[in-house]
Amino acid sequence: DQQVKQNSPSLSVQEGRISILNCDYTNSMFDYFLWYKKYPAEGPTFLISISSIKDKNEDGRFTVFLNKSAKHLSLHIVPSQPGDSAVYFCAASANNNNDMRFGAGTRLTVKP
Amino acid sequence: DSGVTQTPKHLITATGQRVTLRCSPRSGDLSVYWYQQSLDQGLQFLIHYYNGEERAKGNILERFSAQQFPDLHSELNLSSLELGDSALYFCASSVGTLSNEKLFFGSGTQLSVL
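Chains as they are written, first to last, in my numbering: chain A, 114 to 225; chain B, 19 to 132.
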């Protein structure tokens with residue numbers, strides 16, 4: 114069951130522009146959301162997170178927005194840099210569960 | 019370096035065989051998670067152990083089993099292997115079991131079943 118969905122398998126943007134990666138979820142019990150970045154031949158690494166009590170969290174060039182009513186979150190990267198090229202996974206967890214669910218990932222390519 | 023160690027990095031085997039994947043969590047982490055990433059698939063949650071006890075099960079096949087040992091390292095056993103079991107298997111660890119904890123991932127074991 115795909116409780117976390119990333120409907121765009123890939124995204125290509127120009128260096129310096131904004132990258133917007135989207136994620137939808139179906140489980141209303143999710144209360145914590147995370148984004149992970151994965152480079153080839155490496156495991157995913159944590160990027161940024163947001164609690165369900167907030168609607169925005171910012172860390173440098175990365176901002177995550179949460180719309181609970183729409184069960185949607187997005188990751189904004191601005192300005193995008195070639196080093197940001199990677200696969201980005203959206204993840205969600207619920208306090209009454211002991212597992213974290215991941216989306217299928219979006220491959221971001223930032224062109225110089 | 020995440021501090022999570024997975025061995026082996028690559029494993030090639032034949033259908034019907036059995037393999038064991040090993041994971042050592044970050045120092046101090048009590049939780050170990052196993053995930054499977056197949057081609058074009060996201061990270062599928064398999065199982066979660068905390069301090070030696072199973073805490074949650076995901077889409078783990080009956081042919082697969084796992085355990086966490088007293089020294090907190092974990093092993094994922096895959097038996098009666100099929101071609102479709104070919105995937106990248108990740109182990110992750112965290113301090114506890116709270117939903118607001120981030121996971122630290124190993125670099126994965128690439129399993130190829132021929």
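Among the hints, a few may not be true.
Claimed, not checked - The calculated DSS-like cross-link candidates involving lysine-lysine, where the alpha carbons are at most 25 angstroms apart (straight line), are:
#: 1; chain 1: A; residue 1: K167; chain 2: A; residue 2: K181
#: 2; chain 1: A; residue 1: K184; chain 2: B; residue 2: K120
#: 3; chain 1: A; residue 1: K224; chain 2: A; residue 2: K167
#: 4; chain 1: A; residue 1: K169; chain 2: A; residue 2: K181
#: 5; chain 1: B; residue 1: K120; chain 2: A; residue 2: K169
#: 6; chain 1: B; residue 1: K27; chain 2: A; residue 2: K118
#: 7; chain 1: A; residue 1: K169; chain 2: A; residue 2: K184
#: 8; chain 1: B; residue 1: K120; chain 2: B; residue 2: K27
#: 9; chain 1: A; residue 1: K167; chain 2: A; residue 2: K184
#: 10; chain 1: B; residue 1: K75; chain 2: A; residue 2: K167
#: 11; chain 1: B; residue 1: K75; chain 2: B; residue 2: K120
#: 12; chain 1: A; residue 1: K224; chain 2: A; residue 2: K181
#: 13; chain 1: A; residue 1: K118; chain 2: B; residue 2: K75
#: 14; chain 1: B; residue 1: K27; chain 2: A; residue 2: K181
#: 15; chain 1: A; residue 1: K118; chain 2: A; residue 2: K167
#: 16; chain 1: A; residue 1: K224; chain 2: A; residue 2: K184
To be verified - Stretch by stretch, here's where chain B covers chain A in the computed footprint (C-beta under 8 angstroms, at least three residues):
#: 17; stretch: 167–177
#: 18; stretch: 212–221
Derived by calculation from the structure, the hints in this document are not laboratory data. Every residue, glycine too, gets a C-beta built ideally from N, C-alpha and C.
Going down the list of hints, with the structure as the test:
1. K167/A with K181/A: Cα-Cα ~9 angstroms, so holds.
2. K184/A with K120/B: With a Cα-Cα distance of about 21 angstroms, the restraint between K184/A and K120/B holds, given a limit of 25 angstroms.
3. K224/A with K167/A: Outside the cut-off at roughly 32 angstroms; violated.
4. K169/A with K181/A: The hint holds at about 11 angstroms.
5. K120/B with K169/A: At roughly 18 angstroms apart (the allowed maximum being 25 angstroms), K169/A and K120/B satisfy the hint.
6. K27/B with K118/A: Between K27/B and K118/A the Cα gap is close to 28 angstroms, so the pair fails against 25 angstroms, i.e. violated.
7. K169/A with K184/A: holds, 14 angstroms
8. K120/B with K27/B: Measuring from Cα to Cα gives roughly 23 angstroms; hence the hint holds.
9. K167/A with K184/A: With Cα atoms ~13 angstroms apart, K167/A and K184/A stay inside 25 angstroms; holds.
10. K75/B with K167/A: This hinted pair is violated, its Cα atoms lying about 29 angstroms apart.
11. K75/B with K120/B: Answer holds: K75/B to K120/B is near 19 angstroms, not above 25 angstroms.
12. K224/A with K181/A: Judged against 25 angstroms, a Cα distance of about 32 angstroms means the pair is violated.
13. K118/A with K75/B: Cα-Cα ~20 angstroms, so holds.
14. K27/B with K181/A: Violated - the C-alpha atoms of K181/A and K27/B are around 39 angstroms apart, more than 25 angstroms.
15. K118/A with K167/A: Holds - the C-alpha atoms of K167/A and K118/A are around 21 angstroms apart, at most 25 angstroms.
16. K224/A with K184/A: violated, 31 angstroms
17. 167–177: Contact hint for the stretch 167–177 of chain A vs chain B: violated, 0 residues under 8 angstroms.
18. 212–221: holds (count 7)
Checked against the numbered hints listed earlier, the structure breaks hints 3, 6, 10, 12, 14, 16 and 17; every other hint is satisfied.
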